[in-house]
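Visitor: My request is simple: use the sequences and hints to build the entire structure.
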Amino acid sequence: MKTAWKEPKLEDLLEDPILDVLLAHDRISRDDLRQVVEQARRALALAPRAWKLEEPICEAPPAMVKAHPRDFASC
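Using the working numbering, the first residue of the sequence shown is number 647, and each one after it goes up by one.
Where hints are given, some of them may not hold.
[Said to hold, decoys possible] FRET-style restraints, in silico, Cβ to Cβ:
| hint | residue 1 | residue 2 | range |
| --- | --- | --- | --- |
| 1 | Ser675 | Lys655 | 14 to 22 Å |
| 2 | Ile664 | Leu692 | 27 to 35 Å |
| 3 | Ala691 | Lys655 | 13 to 21 Å |
| 4 | Arg687 | Trp651 | 20 to 28 Å |
| 5 | Leu668 | Pro694 | 17 to 25 Å |
| 6 | Ala670 | Pro694 | 36 to 44 Å |
[Stated by the list, open to error] Computed cross-link-like contacts, DMTMM-like style, restricted to lysine to aspartate or glutamate with a CA-CA straight-line distance of at most 25 Å:
| hint | residue 1 | residue 2 |
| --- | --- | --- |
| 7 | Lys652 | Asp672 |
| 8 | Lys655 | Glu684 |
| 9 | Lys655 | Asp672 |
| 10 | Lys652 | Glu684 |
| 11 | Lys655 | Asp677 |
| 12 | Lys652 | Asp666 |
| 13 | Lys655 | Asp666 |
If you're looking for bench data, these hints aren't it; they were derived computationally from the structure. Computed from a predicted model, the values in this text were never measured in an experiment. C-beta atoms are modelled at their ideal positions from N, C-alpha and C, and glycine is treated no differently.
Guide: Here it is in structure tokens:
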């Protein structure tokens with residue numbers, strides 16, 4: 647049986663001391679990172695969700711037709 651994997655919460659990742667090393671290497675502060683996360687949260691909150699749309703997001707795929715070798719004989 648497979649064991650379910652539980653992802654860490656974002657706040658737990660932001661509190662990890664390894665993050666300080668990675669941020670220092672890229673010359674980014676924790677405040678910069680938190681601002682990016684908040685902007686992403688706001689942008690995602692405004693994005694339409696598939697279950698809220700009245701029309702389907704994509705159309706049904708076209709029917710698949712098996713090609714016959716003679717169709718490519720002139721190539």
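Visitor: Determine for every hint whether it applies to the structure shown.
Guide: Here is how each hint holds up against the structure:
1. The hint said 14 to 22 Å for the Cβ distance between Ser675 and Lys655, and at roughly 21 Å that hint holds.
2. Distance hint check: the CB atoms of Ile664 and Leu692 are about 32 Å apart, consistent with the given range 27 to 35 Å.
3. Range check, Ala691 to Lys655: about 18 Å between beta-carbon atoms, so the 13 to 21 Å window is met.
4. Take Arg687 and Trp651: their Cβ atoms lie about 24 Å apart, and the range 20 to 28 Å holds.
5. Take Leu668 and Pro694: their Cβ atoms lie about 33 Å apart, and the range 17 to 25 Å is violated.
6. Between Ala670 and Pro694 the Cβ separation comes to about 38 Å, which falls inside the hinted range of 36 to 44 Å.
7. At most 25 Å may separate the alpha-carbon atoms for a hinted pair to count; Lys652 and Asp672 exceed this at roughly 28 Å.
8. Distance restraint check for Lys655 and Glu684: the Cα-Cα separation of roughly 15 Å lies within the 25 Å cut-off, and the hinted pair is therefore satisfied.
9. Between Lys655 and Asp672 the CA atoms are separated by roughly 22 Å; this keeps the pair inside 25 Å, and the hint holds.
10. The hinted pair formed by Lys652 and Glu684 meets the criterion: a straight-line CA distance of about 23 Å does not exceed 25 Å.
11. A hinted pair counts as satisfied when its Cα atoms are at most 25 Å apart, and Lys655 with Asp677 qualifies at roughly 18 Å.
12. Using a Cα cut-off of 25 Å, the hinted pair Lys652 and Asp666 holds, with the two alpha carbons roughly 23 Å apart.
13. Only pairs whose Cα atoms come within 25 Å are accepted, and Lys655 paired with Asp666 is accepted, the gap being roughly 17 Å.
The structure does not agree with the numbered hints 5, 7 stated previously, though it agrees with the rest.
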